[in-house]
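Could you put together the complete structure from these sequences and hints?
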Amino acid sequence: MMLYDSMRHFLSPADLTSDERAQILARAKVLKADQSAPERSALRVGALYFNPSLRTRVSFEQAVWRLGGNCQTLNTGSDTWQLEMDPDAIMDGDKVENIVEAAGVLGRYFHLLGVRSFPGSQPWEIERTEPVLQAFARHTGVPIISLEGTMHHPCQSLADHLTLTEKFGDDLRGLPVTLSWAYHPNPLPMAVPNSFALQAALAGCDLTLACPPGYELDDEVMAQIDRESKANGGNFRVNHDRLDGAKGAKVVYVKSWGRKDLWSDKAAERESRQPLRHWQFNDEAWEQTDSAKVMHCLPVRRNVVIAASILDSDRSIVLDEAENRLWAQAALIEHFAKMQGVLA
Amino acid sequence: MMLYDSMRHFLSPADLTSDERAQILARAKVLKADQSAPERSALRVGALYFNPSLRTRVSFEQAVWRLGGNCQTLNTGSDTWQLEMDPDAIMDGDKVENIVEAAGVLGRYFHLLGVRSFPGSQPWEIERTEPVLQAFARHTGVPIISLEGTMHHPCQSLADHLTLTEKFGDDLRGLPVTLSWAYHPNPLPMAVPNSFALQAALAGCDLTLACPPGYELDDEVMAQIDRESKANGGNFRVNHDRLDGAKGAKVVYVKSWGRKDLWSDKAAERESRQPLRHWQFNDEAWEQTDSAKVMHCLPVRRNVVIAASILDSDRSIVLDEAENRLWAQAALIEHFAKMQGVLA
Amino acid sequence: MMLYDSMRHFLSPADLTSDERAQILARAKVLKADQSAPERSALRVGALYFNPSLRTRVSFEQAVWRLGGNCQTLNTGSDTWQLEMDPDAIMDGDKVENIVEAAGVLGRYFHLLGVRSFPGSQPWEIERTEPVLQAFARHTGVPIISLEGTMHHPCQSLADHLTLTEKFGDDLRGLPVTLSWAYHPNPLPMAVPNSFALQAALAGCDLTLACPPGYELDDEVMAQIDRESKANGGNFRVNHDRLDGAKGAKVVYVKSWGRKDLWSDKAAERESRQPLRHWQFNDEAWEQTDSAKVMHCLPVRRNVVIAASILDSDRSIVLDEAENRLWAQAALIEHFAKMQGVLA
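Sequence order for the protein chains is A, B and C. Residue numbers for the first sequence follow this note's numbering, beginning at 5 and rising by one. Residue numbers for the second sequence follow this note's numbering, beginning at 5 and rising by one. Residue numbers for the third sequence follow this note's numbering, beginning at 5 and rising by one.
Fair warning: there could be bad hints in the mix.
Pairs count within a copy or across copies, as identical chains cannot be separated in the list.
What the hints assert, rightly or not - In silico PhoX-like cross-links for lysine-lysine, where the CA-CA straight-line distance does not exceed 25 Å:
#, residue 1, residue 2
1, Lys-270, Lys-99
2, Lys-251, Lys-99
3, Lys-171, Lys-251
4, Lys-36, Lys-342
5, Lys-171, Lys-99
6, Lys-342, Lys-234
7, Lys-33, Lys-99
8, Lys-36, Lys-270
9, Lys-251, Lys-234
10, Lys-264, Lys-342
Derived by calculation from the structure, the hints in this document are not laboratory data.
In structure tokens form, the structure reads like this:
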């Protein structure tokens with residue numbers, strides 16, 4: 005549980021207790037089924053994007069509206085709003101506002117604040133501390149909901165969990181799930197795979213990480229996944245073979261991400277992944293599985309990351325995952341709004 | 005009627021039956037007169053702009069709000085969201101998302117989706133197929149409402165129709181209407197004049213298209229206008245004389261647009277229209293009419309397209325047209341939302 | 005009172021009568037205390053930004069929502085929407101829309117319109133006429149609420165007034181208040197200090213303007229402050245000494261702004277202020293005061309304009325000011341909406 009001054013935030017899948025998670029998933033299903041007009045509430049939510057977004061922006065704003073509240077989306081390119089992160093800086097340069105006041109003011113306007121801040125181009129050991137999300141958590145004075153950080157995309161993995169329960173029932177313990185790396189022309193963030201794997205571990209799945217050597221997830225997250233798998237009745241293993249790693253899976257989550265040791269050298273990373281172009285999830289790979297459902301957080305490169313033949317069949321549940329962003333987030337926001345005393 | 009998989013869309017004025025059109029226009033007047041607070045509904049509408057917009061963006065968002073719903077505006081510059089339109093492409097280039105997933109996801113979040121996509125710089129025969137709107141209609145899974153495409157701007161012409169009925173009564177059959185081309189420094193899209201003329205034909209007006217030779221509307225639309233005029237008790241003719249074309253009109257719709265044969269060569273088009281600078285709708289032209297009301301979709305170049313003396317007099321009804329965007333769209337959206345079962 | 009065609013606007017703190025001001029401030033406190041869910045109203049408000057904004061954009065939109073209405077924020081960079089301000093211009097150049105139609109259309113969609121338009125780089129005597137706000141006031145047909153112009157930021161000073169009454173009671177007559185200039189690397193607009201000083205004069209405060217020679221406020225505003233101070237039982241004086249000017253103050257409003265005589269020559273202004281770097285509000289200055297509360301409109305340059313030691317202590321009430329933007333604006337908008345007959 006992430007705690008600052010006794011304020012709770014949602015920056016990682018592990019920031020909810022298992023009771024809370026079960027309650028939120030159940031509530032999400034109720035909200036999804038009930039398409040009646042929501043009553044107007046007092047809830048004011050902000051959504052602050054340091055990086056662009058379509059899916060998250062829409063599903064988060066609609067989720068708040070589903071609760072009768074108002075979500076104000078703030079697209080604040082890192083270029084246009086130069087925030088000083090050091091409260092003691094002498095601000096005579098380019099930066100016009102300090103995080104202390106920027107976050108403090110938003111905390112006066114909103115009951116909850118969503119924040120998206122992607123990694124930049126520094127080494128992984130620096131990026132993984134994600135100073136922007138941590139600073140908002142420290143200075144805003146209201147709960148921060150991550151709309152994707154460097155380490156985690158917990159709203160995505162909550163929606164993925166909801167999707168899995170729709171297909172396989174509420175108890176996912178022992179479900180054979182593979183998280184499979186795939187080739188993509190660019191090194192992508194690691195937040196989605198970190199979160200999906202951790203979420204699966206929290207749910208007690210029988211989890212395989214299938215990836216080329218060097219593409220393991222964040223070290224601390226790997227240890228956390230291992231620990232949570234054991235604690236929740238699941239298993240966790242790494243398999244460096246694309247096909248063998250998919251063997252027997254009932255779920256394959258396909259995703260591309262960058263390798264940690266080349267995080268700050270994108271050109272070298274691109275070069276190093278050229279021999280991995282065959283890591284596409286296609287019919288050949290699917291044949292290894294136990295009639296698996298195929299997941300991806302979107303957007304997906306067709307015929308590069310996943311074959312169109314899979315995406316266009318009922319083996320793919322990617323649109324269900326996307327839709328469930330709305331409902332999982334609605335239940336999550338409601339949960340936090342109740343803690344804040346804004347919703348009854 | 006545009007039909008994909010039995011899903012109805014609104015991409016052309018002809019996508020409504022005459023009964024539906026009458027019903028929507030009547031409902032628009034009720035909504036306009038009733039300024040009471042709307043009840044909150046379950047309606048979620050998206051408005052996706054590949055090109056910028058002010059009037060449409062405001063009137064469409066306010067129309068949804070008038071119905072108790074929530075409209076989320078998505079300004080997606082063609083530059084920032086590179087959509088791949090071929091579902092079978094191997095997506096290893098610049099494009100990050102395929103229309104299949106992009107549209108499919110939006111269809112999971114919204115009950116209706118408005119889309120604006122302007123023509124580019126390819127030849128007219130290619131532009132007129134408007135691949136973006138057609139792809140969204142095919143892949144979104146909910147009704148698409150055109151917020152201006154290449155061929156049509158049906159929300160504008162519905163508002164124009166509403167405006168005409170306010171001034172001339174519900175039955176517009178035989179009303180002498182001139183659509184008059186005007187000079188503008190740049191070759192503009194053809195969607196508004198195509199739609200206005202077709203809408204007037206559907207209403208059975210006595211329609212004159214006044215334009216220089218070469219500036220006729222799209223060939224198929226011209227044929228459709230001719231056909232619909234006859235079917236609805238009206239007439240349609242082309243007049244290449246600026247003043248004679250306005251003779252006896254009770255309504256003159258002034259608009260500039262580009263010529264089809266120079267569509268992809270903007271520089272040559274600009275050159276070719278230099279001798280047409282006198283095609284301004286001014287007092288001299290107005291004197292030819294039967295005290296005509298003057299219309300334009302806005303924005304209008306004052307003293308180039310229309311003389312300020314006309315715009316600043318009660319001969320101009322351009323602000324009424326703009327206001328009626330809100331009410332015509334509210335009635336239209338309500339109609340589609342009822343078909344979707346979202347509004348009762 | 006700013007009046008065009010008997011339409012009232014809010015472009016200056018003096019655009020409200022003292023009775024109205026008292027009523028709005030009282031109502032703001034009620035709205036702030038009552039956190040229940042607002043009922044949906046028919047209110048449609050637009051907020052048009054020719055310059056970027058975060059605080060104003062959020063607080064204004066949330067204020068309208070607090071009243072059950074809908075606020076549509078329009079970010080219209082001066083670059084992307086080239087408005088022609090002369091109704092009689094021959095518009096054959098770059099400008100695509102005339103203020104007459106632009107404002108007229110927005111007046112058809114909204115019951116009230118907020119507009120922000122900052123000064124450019126012309127001499128002060130030209131900038132101070134603020135053609136953009138004045139043109140919208142003339143042509144929109146509904147009340148214009150300034151979201152910061154060249155001369156005034158009346159929503160900010162109304163919130164500042166509300167904040168002062170929370171700390172010092174409703175009657176501020178005779179309260180020792182200092183408006184203190186501070187060094188900033190760039191010459192900033194004068195709207196906030198003009199408005200704060202005028203607001204304090206209207207409230208009858210004992211007002212000191214502490215600034216280096218040459219940094220006095222706008223000449224007409226200075227005369228108006230002097231006049232209103234006397235009329236409302238207060239005092240007004242200028243003190244060119246940073247420390248002496250703060251002496252005995254119970255409130256110090258710190259702000260940086262540019263000098264009028266170098267308004268259009270930013271480089272020369274920057275040069276001329278180099279000897280003024282010691283004009284920082286720090287502990288040394290605060291020691292001169294009578295345990296003053298320290299105010300600033302934000303964003304603030306830490307350790308340049310105000311020392312972090314002050315901002316991080318309970319001497320600073322800058323977050324209260326920011327929060328009160330929401331509540332003061334909600335009461336203000338409600339007041340105008342009632343005049344327009346939209347709210348009961």
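Looking back at the numbered hints, which does the structure fail to meet, lowest number first? The structure conflicts with hints 2, 5, 6, 7, 8, 10, although it agrees with all the remaining ones.
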